[in-house]
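**Q** Both chains come to you apart, so use the hints to assemble them.
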Amino acid sequence: MKQRLLACCVLMLLAFGARAELVIEVTQGVDAPTPIAVVPFGWSGATPLPEDLAEIVSTDLYRSGFFSAMKRGDMLSFPQQQAQVFFRDWRVSGQNYLLIGRVTSTGGEQLQVTYELYDVLKETRVLGEQISGSTRNMRDIAHYISDAVFEKLTGLRGAFSTRIAYVTAQNQGGGRHRFSLQLADADGARARTILESREPIMSPSWSKDGSKLAYVSFESSRPGIYVQHLATGKREKIQSFAGLNGAPAWAPDGQRLALTLSKDGNPEIYTLDLARRQLTRVTHHYGIDTEPTWAPDGQSILFTSDRGGQPQIYRVYLADRRIERVTFEGNYNSSGKLTQDGRFLAMVHRSAGAGAAFNIAVQDLKTGRLDILTQTSLDESPTIAPNGSVVLYATQQGNNGVLAAVSLDGRVRFRMPSSSGDVREPAWSPYLQ
Amino acid sequence: MDKRSYLVPSLLALVLHAGVLLLLAGHWFDHADPRELKPRHIQAQMVDLGAVSQALEKQTEQARRIEEARKKDEQRKQSERDKAQEKQRQQELAAQEKALKERQAQEQKVKDQQAREVAAKEKATKEAEQKAQTQRQEKEKARVAAEAKQKADEQAKLAAAKKKQADEQAKAAAQKKKLAEAQAKAAAEKKKQAEVAAKAKAEAKRVAEAKRKQEEQQRKEAEKARELQELEKAIAQEQRIAADRASQQLMTTMADYINAELSRNWRVSSAFRNGMEAVVEIRLFPSGEVDSANLVQSSGDSGFDNAAVQAVFKVDRFVRVAEVDPLTFERNLRKFRVKFRPEGLRW
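Those protein sequence lines, which keep their order, are chains W and F.
By my numbering, the letter at position 204 of the first sequence is numbered 204, and the numbering carries on one by one without gaps.
When you read off a place in the second sequence, starting at 1, and then add 1000, the result is the number in my numbering.
It is possible that part of the hints are untrue.
Said to hold, decoys possible - Taking lysine-lysine pairs in the DSS-like style, the calculated list, with each CA pair at most 27 Å apart, reads:
{"hint": "1", "chain 1": "F", "residue 1": "K1087", "chain 2": "F", "residue 2": "K1077"}
{"hint": "2", "chain 1": "F", "residue 1": "K1178", "chain 2": "F", "residue 2": "K1192"}
{"hint": "3", "chain 1": "F", "residue 1": "K1123", "chain 2": "F", "residue 2": "K1111"}
{"hint": "4", "chain 1": "F", "residue 1": "K1339", "chain 2": "W", "residue 2": "K152"}
{"hint": "5", "chain 1": "W", "residue 1": "K366", "chain 2": "F", "residue 2": "K1109"}
{"hint": "6", "chain 1": "F", "residue 1": "K1131", "chain 2": "F", "residue 2": "K1058"}
{"hint": "7", "chain 1": "F", "residue 1": "K1205", "chain 2": "W", "residue 2": "K122"}
{"hint": "8", "chain 1": "W", "residue 1": "K237", "chain 2": "W", "residue 2": "K263"}
{"hint": "9", "chain 1": "F", "residue 1": "K1339", "chain 2": "W", "residue 2": "K122"}
{"hint": "10", "chain 1": "F", "residue 1": "K1131", "chain 2": "F", "residue 2": "K1121"}
{"hint": "11", "chain 1": "W", "residue 1": "K234", "chain 2": "W", "residue 2": "K212"}
{"hint": "12", "chain 1": "F", "residue 1": "K1109", "chain 2": "F", "residue 2": "K1123"}
Stated by the list, open to error - Which stretches of chain W does chain F cover? Using the computed rule of at least three CB atoms under 8 Å from a CB of chain F, they are:
{"hint": "13", "segment": "21–27"}
{"hint": "14", "segment": "30–42"}
{"hint": "15", "segment": "367–381"}
Said to hold, decoys possible - Counterexamples of contact, computed for chain F against chain W with all Cβ distances above 12 Å:
{"hint": "16", "residue": "L1024"}
{"hint": "17", "residue": "Q1054"}
{"hint": "18", "residue": "Q1091"}
{"hint": "19", "residue": "E1181"}
{"hint": "20", "residue": "A1187"}
{"hint": "21", "residue": "Q1214"}
{"hint": "22", "residue": "M1251"}
{"hint": "23", "residue": "A1255"}
{"hint": "24", "residue": "R1341"}
These are computed hints drawn from the structure, not numbers from a lab.
From the three backbone atoms N, C-alpha and C, an ideal C-beta is built for every residue, glycine too.
So that you can see chain F by itself, here it is in the shape it has in the complex (with noise of 0.2 Å):
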């Protein structure tokens, strides 16, 4: 065997943390206090548990490595060496037996050793979870008294404001007390109120009925009236209408007419040309008498315009204007124009 194997060591340290544990498996079972379960209360005091076991794991780890190294080198090697070290198998043999009780010696040294660390932690760790439980008992009664003070703190200011809530629940009593009196009050006065509305509402129905009807009756009167003015008026614009057309028959008449009186006695001299035009305006008594004729355009040619107002006084009087109403006489024949313009002339 190899002096540098890690066995040893691994083995010795599996074997003390199964020691431990035991150890504080009872330990653990033996506090199943609830309360100490609250993280809160819990005093703990740091052991350095972890930098033994991580130590331990950390050698172990190394030891592992180590061996894991080893092992592949030793597999590496192993088969170089067995033929170079068959033969010496026997010395070491001895050798081995030798540094075996060596090594129990050693190993027994070091249990002992390890003996007496853990130990010494145990002790440590007692000495801790005391200090720690002594410290937690004085939160404990700490916290309790607090939890007294802020009980009885509570009950007070519960008493108060149920005191409180009595006086309001009181006022609130006499309040509501007071709103259903005045709420009695306005459900009266309401009522009268509603009452008199209703009186009122149901002398307003009958005088806005009674407005309705009256105004009903005035509506089909307007009504009445306005179909009959506008027949009236329909029945005027009809007339009037009517009164024009005949108005303007008889104006074309009256036109035809005095158009034949004037060319009946309007000479056309061998000297008038086509293209020649003068205008004459008249004037005539309702009796169709010619009151005068003035030359308004002159065609330029002075026998021409002779000729139009000789045309005129020629006729001296249109008998049939005599005929006319007053109004369209007015209107139309009081005073007019009449334009001399040649037509089929030679030249």
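Just chain W, with the same shape it has in the complex (with noise of 0.2 Å):
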């Protein structure tokens, strides 16, 4: 009988397992970037378009570090439209998705870009769109493509249509120099000199709206912030007191500034209120306080900070002045900046022990892990995509600094084009309106 009464449980209990619906927990993925083919467009005007499109397009997707683009000669076929594209091709080439467009010539300059994106797997149009421009804006129209298919793809936004500044040093013979503040693409092309001075420029810093740029010069007398409007070129100078006048940061509100100044004998960390000039100290130690950074909510501040011997990066709140400690790894942590949500800090790290180098490290505010992005050794200055999917920063190659990027995740790292000069200093611009 009992074991009659247990065949039954048994039974029920198979029955039960039956009837449930299978549910497969998958915890693992492959740490690759998404495959991607990025056709170039169709073009049947005479003669060649001074940008190829596609390139373009297939370069911002690959840096962003969440796409892998093929290769154009392992294309089997360069389809224009639809019609022409046959997704078993790209299906058997490991392609998921497939980029495809074609430009026409609406008069003179002016072109119609269409370009249509496709999942190759579920063999659907997920994206397509008709783009107005001109040849001269050709690169734009290729930003804004790849920011629609990445936001499309990974559901963040591109940044790709965004600015850089950076500062180049010329070395004209004789210990002199010649600086520039540059503006580039975010790919670094287009880059275009806004300010050139004899005296150093540093600390180049965006404001909230993508419309101006503070940054110290040293052309008077005596170090000076300066805010430059970037549509007019107009200069405006802010500060300049005696001692350091250094590392302006805009605040999230756009109407102040942080600064570090040392007029009062000691680099300390000061508000400026814009509109009324007024100045408020906001740190008061006998360390050095330097390199402001504001937290994307303009609550708190984080600096760097010597006061406990060693430079580590601090976090002041506004509000009762309290001062809390962010990094602990390391001997050496400087130049911190923050992802847009705040949760990521980018910073100038070097390792305990001996014959280290400084990188590019990324700390988690929320688990305080901390990991180390770049391999080269003088790595400095770095700076974070407002989609902070790439981190900015300039490094050494021989005796020349240049601009390098690695991917939050640390997972695609490449080098900015070259640009004449030492590079130093990058600022990527917010989001651009």
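**A** So, in structure tokens, the structure goes:
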């Protein structure tokens, strides 16, 4: 009797088990970017286009670290319209997505660009758009397409249409240098000089709306903090106290600047109300406090201080001036920059131990975990793309400083196009209107 | 002697009583008739001998008491008077002699008086007895007559009763005869019925035996069938359990296989974070080819959701699903869900 009852129970359990819907839990995946094929856009014009849209888009997507772009030499065909797409071929070649497009002239320099994004696996069209432009802004069109595709496939807003500012130093011999403040596309292209000086230019900082740049210039007898309007080129000297005037940082509200001033004898952090020109001292310590950066909520400022004996990053809360130490790993942490969500802190980091190099590291402020992203030796001045996907920084290549970038997870590293001279002090713009 | 002494009356009274007893004793022995012992036939006439006797006894008792009182008084006073009365004793002796003579004369007189009274009483007693005897005789006659009548009545009743009894006996005999005949008839009938019943019983027994044998046969056959059925059922259950186990084992294997295929094709972006979770419902064809993959629970991150769905379509065809038997496929693999939940990410 007991055996029968047991058998019934077993059968019932099996029956229940059989009825339950199978659920499989997948917790591991491939740590690899999503493959995408960006087919050269069709062009029916007589003369070649000044820019290769597909190449720009492909490079943008690749540099994001999220995608692996298919080489053109591996493509079996170059479809320009949906009817020309054979999904099986793209599937066999291992692609998940396919981007095709065509450019048509609408008269003179005017162009109309059409692009279509396909899901190769589902064999469905997931995105498509027509864009009007001209031959002069084809890179903008390409970055726009990159942004649209990136956002569609990753859910993150693309930052390919943003700008970067950086400083270059040209050695003119005789110990003289020529310093330039450069403005370029996020991929480093179309760089242009917005300021030149025989004196050092330092610490460019974007305003929240991307319309102004604040920086430090030594063009006068002593370092001064300037704000330059990018649209008009108009410059404004904000502060020029005796001693150190440096490291301006725009507050999220665009109304204040955080500064490092030593007018009181020791480098301290101040905030400056731009409208009222009112200066407020934030830190009071005999150590050096510098390199302020605002938290996204504007309630606190992170800064570098050696008050603990070694340079480390601290946070000061503006409401009560409470200060807490943020970094603990390594014997050198400086130049902190926060992602827009305030979770990750990119910084220059040097591990403890002899012979350790200065690397770019990122610390998860939620968990405290710190990861070193770069493997070069003299990395400095990290700045983060507004979507938090890439960290741009300055490093050394031979005797010159160059710009390099690394995805926030450290998976993708690339070097920006070479600029003449020694490149340093990059600053990534916010999303531009 | 004291004039107030009761000695004399007491003696007289004793004499009187003795005389009465003597008179009555003879009468008592002469009338020793047994029937007179019956109390209900004695016709007694009350003679006031008791009263007399009581009076005498009362007087005697009274005299005794007085005497005792007197003796007591005398004893008490005797000592006082002895001396005073001693010198008058002579005179008193003379007076006593005189008084004795007078007293004797008086006693003779009393005796005479008592003799008369006794004679009168005897006479009255005799008359009363005679009268009582007469009444007893009359009553006896009446009783004898009544008894005779009663006896006659009883004899009559007895005769009537005998007659009635005879009638009843005759009647009873007739009934008994009738009953005997009925009994005989009933016995015959019963015997006949018994024979029939015996025959029926034998037949029923034979039928019952046959039926029992048949039922026994059927029961055995049913038992065999049941055992066979249980055996088949047990075999079927074992087969089903084994099949279920095999199916479960197969499903475990298939789940591992599908998991591996999806893991190989799920591209984890650097934007993914620990804690993200998306559920995709997958429909397959029996060949293992993906029919559809639909997001049923979003992670809130479109890139994560896209990657999950893409992983399914990237597999395109779960080749080994084609090896699964149709029933297991229909039950488990025609439609199932996959939960994508990254673990061990940097963030």
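**Q** Against this structure, judge whether each hint is valid.
**A** Going through the hints against the structure:
In summary, the hint linking K1087 of chain F to K1077 of chain F is supported, as the alpha carbons are separated by about 16 Å, within the 27 Å threshold. Among the hinted pairs, K1178 of chain F with K1192 of chain F is consistent with the structure: their alpha-carbon atoms are about 21 Å apart, no more than 27 Å. A C-alpha spacing of about 18 Å is found between K1123 of chain F and K1111 of chain F, which places the hinted pair at or below 27 Å, so the restraint holds. Our distance criterion of 27 Å between C-alpha atoms is met by K1339 of chain F and K152 of chain W, whose separation comes to about 22 Å.
Only pairs whose Cα atoms come within 27 Å are accepted, and K366 of chain W paired with K1109 of chain F is rejected, the gap being roughly 169 Å. Proposed proximity of K1131 of chain F and K1058 of chain F is contradicted: the alpha carbons are some 31 Å apart, above 27 Å. Between the alpha carbons of K1205 of chain F and K122 of chain W the distance comes to roughly 86 Å, so the proposed pair goes past 27 Å and is violated. Straight-line distance between C-alpha atoms of K237 of chain W and K263 of chain W comes to about 17 Å, which keeps the hinted pair within the 27 Å bound.
The suggested pairing of K1339 of chain F with K122 of chain W holds, with an alpha-carbon distance near 20 Å, which does not exceed 27 Å. Distance restraint check for K1131 of chain F and K1121 of chain F: the Cα-Cα separation of roughly 15 Å lies within the 27 Å cut-off, and the hinted pair is therefore satisfied. Simply put, K234 of chain W and K212 of chain W have alpha-carbon atoms about 9 Å apart, close enough for the 27 Å limit, and the pair holds. A distance of roughly 21 Å separates the Cα atoms of K1109 of chain F and K1123 of chain F; the hinted pair therefore holds under the 27 Å criterion.
Note: the segment 21–27 of chain W has 7 residues with beta-carbon separation from chain F under 8 Å; the three-residue rule is met and the coverage holds. Only residues whose beta carbon comes within less than 8 Å of a beta carbon in chain F count, and the segment 30–42 of chain W has 5; three or more means the coverage holds. Counting residues of the segment 367–381 of chain W whose CB lies closer than 8 Å to any CB of chain F gives 3, which reaches the minimum of 3, so the coverage claim holds. Residue-level check passed: L1024 of chain F sits 113 Å from the nearest beta carbon of chain W, beyond 12 Å.
For Q1054 of chain F, the condition that its CB be more than 12 Å from all CB atoms of chain W holds, with the nearest at approximately 110 Å. With a least beta-carbon separation of about 144 Å from chain W, Q1091 of chain F lies farther than 12 Å from that chain, consistent with its non-interface assignment. The non-interface label for E1181 of chain F is consistent with chain W: the shortest C-beta to C-beta separation is roughly 68 Å, beyond 12 Å. For A1187 of chain F, the non-interface assignment is confirmed: its Cβ lies about 59 Å from the closest Cβ of chain W, beyond the 12 Å cut-off.
Listed as outside the interface, Q1214 of chain F is consistent with that label: its C-beta sits roughly 31 Å from the nearest C-beta of chain W, beyond the 12 Å cut-off. For M1251 of chain F, the condition that its CB be more than 12 Å from all CB atoms of chain W is violated, with the nearest at approximately 7 Å. Consistency note on A1255 of chain F: stated as away from chain W, yet its beta-carbon is not over 12 Å from all of that chain's, at 5 Å minimum. With a least beta-carbon separation of about 6 Å from chain W, R1341 of chain F fails to lie farther than 12 Å from that chain, contradicting its non-interface assignment.
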